[in-house]
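Chemist: Protein chains in written order, with the numbering used here: chain A, 3 to 113; chain B, 642 to 757.
Possibly wrong hints are sitting among the right ones.
[Unchecked claim] Estimated spans, in silico, between C-beta atoms of each pair: (1) A/83 x B/652: 19 to 25 Å; (2) B/663 x A/100: 34 to 40 Å; (3) B/745 x A/28: 21 to 27 Å; (4) B/706 x A/112: 41 to 47 Å; (5) A/82 x B/652: 32 to 38 Å; (6) A/22 x B/655: 29 to 35 Å.
Hints listed in this document are in silico derivations from the structure and should not be mistaken for laboratory results. Every residue, glycine too, gets a C-beta built ideally from N, C-alpha and C.
Each chain is listed here by its residues.
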Amino acid sequence: GQQLNQSPQSMFIQEGEDVSMNCTSSSIFNTWLWYKQDPGEGPVLLIALYKAGELTSNGRLTAQFGITRKDSFLNISASIPSDVGIYFCAGTTSGTYKYIFGTGTRLKVLA
Amino acid sequence: EAQVTQNPRYLITVTGKKLTVTCSQNMNHEYMSWYRQDPGLGLRQIYYSMNVEVTDKGDVPEGYKVSRKEKRNFPLILESPSPNQTSLYFCASSSGGTSASRNEQFFGPGTRLTVL
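Bound conformation, chain A alone (with noise of 0.2 Å):
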């Protein structure tokens, strides 16, 4: 089936780091989401993105719809300890109630 390219796959920072990932597809969405999943747990929502070129933000969380609708980025500022998780990626499109995943990007911040 088809899947969404994250990276990194995983990140090592230290606390008050910023950081950067990014999702990639062969196909376009008109919906772009963001996702953690903290362990043991499922994942939560964190950003929705509607509009190519958008870019919206959640407190220290800053997301972008790519202009192609092939991509999209996550920015985390200043990081702190309770980031650590794995962050997912996800698109569809409208008219269908399918649902791709990214790999997901595995933070882990040291303090």
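Assemble chain B onto chain A, guided by the hints.
Modeler: Below, chain B alone, put in the same frame as chain A:
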């Protein structure tokens, strides 16, 4: 409390022994979906349901069945489990419809299944 619940949370079974993983939501959501999570592969959608009695295949439906007889419940059935179905399974729900909120899926806590 608004939530999605799954049972069981952990299950070890043997090849060929039919099993059902239950999923229930208390948010009156129309849309429900099942995913499996495997290392290096992220989440992959198995089946989804837009409403009662309306279901459709996701990306990896082979070896699974679902039913949606009531709005709140969406069980996942493995008629003859095989070792390659060993995985972490998540149920999710959202309000559905055509508004943007349909994309805001709430996930259950997961069911870790091992098939020997």
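Chemist: If I claimed the Cβ atoms of residue 745 of chain B and residue 28 of chain A lie 21 to 27 Å apart, would that claim hold in this structure?
Modeler: 26 Å, holds
Chemist: Does the Cβ distance between residue 82 of chain A and residue 652 of chain B fall inside 32 to 38 Å?
Modeler: 35 Å, holds
Chemist: Verify the CB-CB distance for residue 706 of chain B and residue 112 of chain A against the hinted window 41 to 47 Å.
Modeler: Hint holds: Cβ distance 45 Å, inside 41 to 47 Å.
Chemist: Honestly, do residue 22 of chain A and residue 655 of chain B meet the 29 to 35 Å range at C-beta?
Modeler: 45 Å, violated
Chemist: With 19 to 25 Å as the target window, see if residue 83 of chain A and residue 652 of chain B comply at their CB atoms.
Modeler: For residue 652 of chain B against residue 83 of chain A, whose Cβ atoms are near 33 Å apart, the range 19 to 25 Å is violated.
Chemist: I want to verify a distance hint. Is the separation of the beta carbons of residue 663 of chain B and residue 100 of chain A within 34 to 40 Å?
Modeler: 23 Å, violated
In terms of the numbered hints stated before, the structure departs from hints 1, 2 and 6, listed from lowest to highest.
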